[in-house]
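Put together the whole structure using the sequences plus the hints.
Just so you know, the protein sequences line up as chains A and B, in that order.
For the first sequence, the working numbering begins at 5 and goes up steadily by one.
For the second sequence, the working numbering begins at 263 and goes up steadily by one.
Calculated cross-link-like contacts (lysine to aspartate or glutamate; reagent style DMTMM-like; alpha-carbon spacing at most 20 Å): (1) K261/A - E534/B; (2) K259/A - D233/A; (3) K181/A - E507/B; (4) K165/A - E123/A; (5) K261/A - E547/B; (6) K259/A - D537/B.
Rather than coming from a laboratory, the hints here were simulated on the basis of the structure.
Quick caveat: nothing in here was measured; it's all calculated off a predicted structure.
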Amino acid sequence: MQPIIEVTDLTYMYRSGSGKNVLALNGVTMQVYRGEILAITGQNGSGKSTLARHFNALLTPKSGTVIVDGLSVADKKNTAIIRRSVGMVFQNPDNQLVSSVVEEDIAFGPENLGLPQAEIVDRVDWALESLNLGAYRHRSPNSLSEGQKQLVAIAGVLAMKPQCIILDEPTAHLDPKGRCEVLENVLRLNRDEGITTILLTHFMNEVVHCDRMIVMDQGQIKMTGTPRDLFKLADQIKALGLDLPPASQLAHGLKLKGLALPGNILTLEELVNSLCQLP
Amino acid sequence: MPITVKDLCFSYQKGTPFEKKVLHNISLTIDDGEFVGIIGPTQSGKTTLAQHFNALLMPHGGSVTVNGYLTSDPQADLVDLRLKVGYVFQNPDYQLFAQTVGEDIAFGPQNQKLNKEEIKERVAAVMAQVGLDYDTFNQRDIYALSGGQKRRAAIAGVLACKPEILILDDVTAGLDPRGREEIMTVIRDLHQKQKITIIFISNSMDEAAELAERVIVIDQGRIFLDGAVREIFKQSAQLRSIGLEIPEVISVIEMLQKRGCVLPTIPLNLAEAIDCIATAYREREENR
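Shown next, in the form of structure tokens:
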């Protein structure tokens with residue numbers, strides 16, 4: 005597989021309120037492959053957002069390189085092109101929505117690309133349809149649930165036809181139903197539209213559905229692999245301040261009680277199947 | 263200091279064409295020392311209801327009585343009421359406003375006209391209760407705190423007013439697993455050791471199951487269910503019908519039951535679920 009984003013030895017520092025330099029990223033090297041869905045997880049303050057903000061040139065490296073689709077984010081000439089190909093969805097949709105009508109909000113990005121009117125209309129229709137938001141197109145975002153608002157924010161990014169979408173804890177402030185709605189749509193966009201997806205999250209139940217995961221701690225990448233391989237390493241995951249997904253936690257506890265379960269269970273369905281197959 | 267709510271009604275933008283009724287004839291009583299979880303879909307009215315408990319909102323119909331005083335009585339001492347019924351908001355950034363942790367927590371006691379020594383003592387005491395070391399954090403800049411530390415500082419600021427009732431409005435949202443665990447331990451201790459009545463609004467069914475003794479389910483501005491935590495989570499079909507999820511530890515038991523395993527208990531946390539399943543399998547082996 006070919007990387008769409010290549011990060012090499014990236015270091016980033018910022019100045020704290022008290023004037024001290026804080027090392028937020030310390031020698032990070034990683035790739036994001038075309039078409040994959042990658043989870044980046046780690047405790048608050050581990051550097052997830054700082055790393056992701058380099059992917060669309062919201063931040064530029066203090067040292068090291070970030071190459072997006074062949075272009076360096078350090079070069080200001082590339083910024084506009086990179087932001088068009090890598091879209092970002094933030095935690096709080098209220099920080100992202102700009103218009104009082106859903107379809108106008110979604111049209112905002114394409115309008116700024118200077119596209120012809122017909123193309124804008126097509127893109128808005130397509131984004132609305134892709135996220136099942138057609139019924140809300142004339143509504144005010146304020147009249148929608150938080151989950152729906154987040155979907156509108158995603159539609160706005162989608163209408164830019166990016167190659168890659170970064171979602172920075174998109175479900176942190178949603179209720180369980182909203183979380184489910186957003187996750188299902190994100191997975192579907194990745195599958196059906198082939199959009200490379202980077203999901204920053206604390207919810208291990210979401211990580212389970214991703215192709216690969218990266219665990220960060222103190223500005224460094226501590227683990228990389230598939231969720232199935234990494235969640236086997238319960239002690240290491242916990243030492244990095246994270247949890248296993250609930251099904252893996254249950255399986256882990258049951259194994260300690262002597263039940264002969266496999267070590268790589270990720271979902272409740274798998275757990276129940278394995279339990280029912282016990283002799 | 264019990265809270266009694268009778269036939270409470272409330273509308274947003276009342277008297278305008280946009281009037282929207284959000285609470286419909288709610289009646290309930292919360293007694294001293296209870297740990298009540300309030301759950302429900304977003305915009306079901308959980309926060310609107312809880313903001314009546316310390317007179318941040320006033321009823322449009324019905325009444326709210328706290329410690330024998332009507333909140334809507336013009337003679338009621340609302341300042342005193344709000345000190346006794348503390349409210350911690352979802353977003354600590356809306357609550358914290360001073361430069362340092364110590365200054366922020368001291369704000370309440372200062373307004374209660376305590377002297378310097380008393381204030382320092384109280385700040386140190388509440389910082390200990392939320393697990394923030396005084397020497398490390400007293401002078402710490404609010405902006406240098408992690409998400410979990412901010413939540414704890416916000417809770418400490420409310421505790422410094424010596425509340426008898428603490429309302430926690432989705433205080434774990436956006437925290438990482440470790441931060442979440444820390445806050446849950448703090449809340450459990452406040453209830454068990456300090457005997458503070460806790461009203462815990464949450465979007466996480468897992469947390470409500472793990473912490474609360476009684477659960478009130480709100481849907482579309484009405485009480486949908488109200489009862490002991492295990493009784494509420496037994497009614498999974500009803501909870502699902504209003505768009506709520508079931509805690510994972512209960513889902514797994516249900517899925518096993520559907521496959522023919524006999525598992526009698528409703529577990530409220532991981533340890534209980536593991537025990538329940540392990541015991542069932544051990545018994546099955548012994549019976550063979």
